[in-house]
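Engineer: The chain contents come next:
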Amino acid sequence: MTHDDLRIATPVQRGRLLTILVDGREVPAYEGETVAAALLAAGYRTFRLTPRGQTPRSYFCGMGVCHDCLMMVDGLPNVRTCMTPVRDGLRVDTQHGLGEWDGRS
Amino acid sequence: MRSVECVVIGGGPAGLAAAQAAARAGVQVMLVDENAQLGGQYYRQLPVTFQVPNSARLPKEYAEGRTLIQEVQALGVDLRLDTVAWAVFDAEIVALASGDATERLQAETLILAPGAYDRPVPFPGWTLPGVMTAGGAQNLMKAYRVLPGRRVLVAGSGPLLLVVAHSLLQGGAEVAAVCEASPMRDLWRYAPWMLPHLNFAQQGYDYWRQIREAGVPFLRGRIIRHVLGRTEVTRAVISRCDEAWRPLSGTEQGFDVDAVVIGYGFVPSLELSRLAGCEHRYLPEVDSWVPTRTPDLETTLPGVFVVGDGAGVAGSAVARAEGGLAGLVVAQRLGKIAERDYGILRARARGRLRHLAGFRRVMDSLYRVGPGLYSLADDVTPLCRCEEITVGEALAAIREGATHPSEVKAWTRTGMGRCQGRMCGPTLAHLIARTAGRPVAEVGLFTQRPPTKPVPLSALIHDVTAV
Amino acid sequence: MAGVAGRSWDVVVVGAGVIGSAVTYALARLGRRVCLVERGAVAGGTSSASAGQTSVQGRVPGPSLALALANIGLLAELAAELPTDFEYVQSGGLILAEDETEYRLLRQFAAQQSAHVPVEFLEAEEVRRLEPYLNPRVVGATYCPLDGYLNPMALALALARGAQTLGAEVRTQTEVIGVSIQNGRAAGVRTRRDTLSAGIVVNAAGVWSADLGRLAGVEVPVVPRKGQLLVTEPLPPLVSTVLSHAGHIPFKEHGIDAPPHVEGELQKKRYMKQAKSGGFQGRVYIGSTSEFVGFDRGNTWDGVTGLCQYAVDTVPALARARLVRGWAGLRPRSRDGRFVIGEAPALPGFFLATGHDSIGVLHSTMTGKLLAEWIHTGRRPELLAPFDPARF
Numbered sequence: 001m002t003h004d005d006l007r008i009a010t011p012v013q014r015g016r017l018l019t020i021l022v023d024g025r026e027v028p029a030y031e032g033e034t035v036a037a038a039l040l041a042a043g044y045r046t047f048r049l050t051p052r053g054q055t056p057r058s059y060f061c062g063m064g065v066c067h068d069c070l071m072m073v074d075g076l077p078n079v080r081t082c083m084t085p086v087r088d089g090l091r092v093d094t095q096h097g098l099g100e101w102d103g104r105s
Numbered sequence: 001m002r003s004v005e006c007v008v009i010g011g012g013p014a015g016l017a018a019a020q021a022a023a024r025a026g027v028q029v030m031l032v033d034e035n036a037q038l039g040g041q042y043y044r045q046l047p048v049t050f051q052v053p054n055s056a057r058l059p060k061e062y063a064e065g066r067t068l069i070q071e072v073q074a075l076g077v078d079l080r081l082d083t084v085a086w087a088v089f090d091a092e093i094v095a096l097a098s099g100d101a102t103e104r105l106q107a108e109t110l111i112l113a114p115g116a117y118d119r120p121v122p123f124p125g126w127t128l129p130g131v132m133t134a135g136g137a138q139n140l141m142k143a144y145r146v147l148p149g150r151r152v153l154v155a156g157s158g159p160l161l162l163v164v165a166h167s168l169l170q171g172g173a174e175v176a177a178v179c180e181a182s183p184m185r186d187l188w189r190y191a192p193w194m195l196p197h198l199n200f201a202q203q204g205y206d207y208w209r210q211i212r213e214a215g216v217p218f219l220r221g222r223i224i225r226h227v228l229g230r231t232e233v234t235r236a237v238i239s240r241c242d243e244a245w246r247p248l249s250g251t252e253q254g255f256d257v258d259a260v261v262i263g264y265g266f267v268p269s270l271e272l273s274r275l276a277g278c279e280h281r282y283l284p285e286v287d288s289w290v291p292t293r294t295p296d297l298e299t300t301l302p303g304v305f306v307v308g309d310g311a312g313v314a315g316s317a318v319a320r321a322e323g324g325l326a327g328l329v330v331a332q333r334l335g336k337i338a339e340r341d342y343g344i345l346r347a348r349a350r351g352r353l354r355h356l357a358g359f360r361r362v363m364d365s366l367y368r369v370g371p372g373l374y375s376l377a378d379d380v381t382p383l384c385r386c387e388e389i390t391v392g393e394a395l396a397a398i399r400e401g402a403t404h405p406s407e408v409k410a411w412t413r414t415g416m417g418r419c420q421g422r423m424c425g426p427t428l429a430h431l432i433a434r435t436a437g438r439p440v441a442e443v444g445l446f447t448q449r450p451p452t453k454p455v456p457l458s459a460l461i462h463d464v465t466a467v
Numbered sequence: 001m002a003g004v005a006g007r008s009w010d011v012v013v014v015g016a017g018v019i020g021s022a023v024t025y026a027l028a029r030l031g032r033r034v035c036l037v038e039r040g041a042v043a044g045g046t047s048s049a050s051a052g053q054t055s056v057q058g059r060v061p062g063p064s065l066a067l068a069l070a071n072i073g074l075l076a077e078l079a080a081e082l083p084t085d086f087e088y089v090q091s092g093g094l095i096l097a098e099d100e101t102e103y104r105l106l107r108q109f110a111a112q113q114s115a116h117v118p119v120e121f122l123e124a125e126e127v128r129r130l131e132p133y134l135n136p137r138v139v140g141a142t143y144c145p146l147d148g149y150l151n152p153m154a155l156a157l158a159l160a161r162g163a164q165t166l167g168a169e170v171r172t173q174t175e176v177i178g179v180s181i182q183n184g185r186a187a188g189v190r191t192r193r194d195t196l197s198a199g200i201v202v203n204a205a206g207v208w209s210a211d212l213g214r215l216a217g218v219e220v221p222v223v224p225r226k227g228q229l230l231v232t233e234p235l236p237p238l239v240s241t242v243l244s245h246a247g248h249i250p251f252k253e254h255g256i257d258a259p260p261h262v263e264g265e266l267q268k269k270r271y272m273k274q275a276k277s278g279g280f281q282g283r284v285y286i287g288s289t290s291e292f293v294g295f296d297r298g299n300t301w302d303g304v305t306g307l308c309q310y311a312v313d314t315v316p317a318l319a320r321a322r323l324v325r326g327w328a329g330l331r332p333r334s335r336d337g338r339f340v341i342g343e344a345p346a347l348p349g350f351f352l353a354t355g356h357d358s359i360g361v362l363h364s365t366m367t368g369k370l371l372a373e374w375i376h377t378g379r380r381p382e383l384l385a386p387f388d389p390a391r392f
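Here the protein sequences line up with chains P, C and L, keeping their order.
In terms of my numbering, the first sequence is residues 1 to 105.
In terms of my numbering, the second sequence is residues 1 to 467.
In terms of my numbering, the third sequence is residues 1 to 392.
Be aware that a few hints might be false.
Derived, one-sided and incomplete: chain C residues facing chain P with beta-carbon distance under 10 Å [said to hold, decoys possible]:
#1 Pro53
#2 Asp118
#3 Pro124
#4 Ala137
#5 Pro148
#6 Gln210
#7 Gln420
Residues of chain P placed beyond 10 Å of chain C at every Cβ, according to the derived structure [to be verified]:
#8 Thr19
#9 Gly24
#10 Glu26
#11 Val27
#12 Asp68
#13 Asp74
#14 Asp88
#15 Arg91
#16 Asp93
#17 Leu98
#18 Trp101
No lab work stands behind these hints, which were simulated from the structure alone.
Ideal Cβ positions, reconstructed from N, Cα and C, are used throughout, including at glycine.
Please model the entire structure based on the sequences and the hints provided.
Structural biologist: This is the structure we're talking about:
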């Protein structure tokens, strides 16, 4: 935990430290955190750009209702990062508009 | 198809209390929640991988919630987590989706405890990264121990603002100001009503004092005007407002911040109660549609109850008391309690609710939503966040003759997004009311359809309904 | 939209869905004084529940196909002429063959239909080149470049607005409570506020046209046929054409002998499409069901799960997509399933423009144009002959 991340130090001990990949870059995360929490802690703000106006969106309601925190997660578009737990090696990418589809069924 | 004596939807304070009361009386209870853990929002627990060396240092809701959750778990309630109740058919068939499967079951009695969500308030800049709701900020700080930002403006109305500001300060963030929209004048008038509830008043006072001692300005009669920034928040502007929350121009005040927490109250989640066909009505005093209920908390559909914030936002104490009462009524309905015992218990439960109602009335009055809240947006402010439809586009449709929310939706796509109209619906009703000159109660709501929340098709194609 | 109380018009059109708006526009274009009356908002009824399909390839040669093709042509003209856009896309349409029988039937169909409509038969590899996400079970398909879709709400709105710029009046939130009759002829309508006089009244009330007919003492044999639909969240591109299946083709009417399990009943007609552009871009629409349950517009367990099953079966990648909404529309279906367009024998001056069942959008603008011509000239256009109400 670096001194410039937004995690609150006390009074909990977080889970195991692991690594997620955000737009290809390694970002630390703790087991038990949601993707959104890990991103916000690391200073990532823009999660996606909207289809119509390419406006930046991020975490807003924190409870899975507003659907603004969507990102590409492990190649799947439209994933609510505030409801998705991190996993070691999880791939997270900024979603541009509708996102991309890798065709996995 | 399986039949369950009592299905409770929602595992927050109200749902937990309902499951507890019913199960204690011997009712077969299934408790459904869409999250991975029980607790809802107010009793949100830490992730299981987080450890707490000294739980006394955590806010009291953790322990309170944990205790109730453990009690419910110990009562043998059938717990369905990560499960969405995506529809109710024929008032008693509950459709559940979990993982990659869906099932139908018959609920002899149904207790809905869906909770509420932050009232969405459009203003210029409200979609900028760094702007989040009070509920969202609390979840981030309480459950995941992450700060929304380093220097935060808190704006809204109600006691939750103090709680958020307190959480921010405890977490090491700077709070630029707490801006309460209500004038909060003549508080002494409320003293007689507050006397029986000194514990609540004391809590509020303690938070307020801590904030003042930290040098945080607590500004009354102030409302958010706009938030600036290119890709994220850099500045927030508030201004004074009158008693109707209408902004007073020329009184703007700016703060350089990197996060803005907005908390103008909550809106009950009505999807299931509406889909089931329960009657609802609009209460102007709390600016909410709520299900019509008997004193036993039963809706107009026999056997269907709604408890907690999902029936009208009233806080966790009321939620627990309502859950307890409904669980009791259900137990009696199913023949699990002797009539005499029931009479005593029910009287006690109803008495508790009456007692709490006094405090609620004070809160509702103090923090009553002013119509000015719906005048903060300008024509280019997004109304429908999902579909990126502006307030101006919606107003143009209304002026051209779309005077029902469904009509505005058909013409502009407002309400067609993934949030299913939750973020735009409340504001749209007010825009129509104002433009068409009709009371909000007569404007109506979007038609409620399944699914109550977006559900992957993979879940809906795999039917595991018990034969 | 309050008008001057009680005025006199050439024509009053009741019902501002795609049909009524099209009739109003066409009449206004011919210079007639017309008032469009609607108890809700424009496109508030069936038109707002429609998926907006404009698929011609399966239509039977003769008036049905001629009307459909003329409508397609007219849509292209209107896209340039009307004041607002209605998001018309000629995406092309595929009718899929999923077993040997369907393969044989569709090849036969394509061979004879291509004389009337640009349609070709594609082998499996060609189909997959066009639509890589299709279920590998697909063995072939017919393809027609003219098939597509539009936004039906936007079409009704564009037509109503166009009519207004040409002098027509549109009165919404105005319910018709009576039809005036003088000397055995329709003479206008009564609303809650006033009376509108007109020599001609057009009943374009869709599934409510029987109710309106009753006010005029005219029996209109149209009943609601419910169809449930689903829509997903916006997704990256998965399908680019309108997809439907061999069971959609009325083989018998095309003179092709098909076994009963292929010549599907109404229930089996399923389809899907993903909007390529416009406001609904990315969403996959999945339809439909067929139920005769009066005016009930609820979604059912079977309807929702059945359509999901169909969708994932056809495009397996959809398993990971999320369903955002189900809804249902009521199709106005006549006793024999064909349109009801023309003057009611029981009441001169009272014209019907209804019974469009599941193809209202496709035939809306031509219904409008031809009926307006009939009203304007007093002579029934030949293409409308099969739809004359006198047949009942």
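Engineer: Over 10 Å to the closest beta carbon of chain C is the bar; see if P/Asp88 clears it.
Structural biologist: 12 Å, holds
Engineer: Are C/Ala137 and chain P close enough, Cβ to Cβ, to be under 10 Å, as the hint says?
Structural biologist: 7 Å, holds
Engineer: Verify the interface restraint on C/Pro124: the C-beta must sit less than 10 Å from at least one C-beta of chain P.
Structural biologist: 13 Å, violated
Engineer: For P/Asp93, which was marked as not at the interface, is the minimum beta-carbon distance to chain C over 10 Å?
Structural biologist: Check passes; 16 Å lies beyond 10 Å.
Engineer: Minimum Cβ separation between P/Leu98 and chain C greater than 10 Å?
Structural biologist: For P/Leu98, whose nearest Cβ neighbour in chain C is about 12 Å away, the distance exceeds 10 Å, so it holds.
Engineer: Report holds or violated for the interface hint on C/Gln420, using the least CB-CB distance to chain P and a cut-off of 10 Å.
Structural biologist: Because about 9 Å separates C/Gln420 from the closest Cβ in chain P, which is inside the 10 Å limit, the hint holds.
Engineer: Determine whether the non-interface label on P/Val27 survives the test: each CB of chain C must be over 10 Å from its CB.
Structural biologist: 13 Å, holds
Engineer: Measuring Cβ to Cβ, find out whether P/Asp74 lies farther than 10 Å from everything in chain C.
Structural biologist: 15 Å, holds
Engineer: So P/Gly24 supposedly isn't at the interface. Is its beta-carbon more than 10 Å from every beta-carbon in chain C?
Structural biologist: The claim stands: P/Gly24 keeps its Cβ more than 10 Å from every Cβ of chain C (closest is about 19 Å).
Engineer: Please check whether the beta-carbon of P/Asp68 is more than 10 Å away from every beta-carbon in chain C.
Structural biologist: For P/Asp68, whose nearest Cβ neighbour in chain C is about 6 Å away, the distance does not exceed 10 Å, so it is violated.
Engineer: Does the interface hint hold: is C/Gln210 within less than 10 Å of chain P, judged Cβ to Cβ?
Structural biologist: 17 Å, violated
Engineer: Let me know if the C-beta of C/Pro148 comes in closer than 10 Å to any C-beta of chain P, holds or violated.
Structural biologist: 7 Å, holds
Of the numbered hints listed earlier, those contradicted by the structure are 3, 6 and 12.
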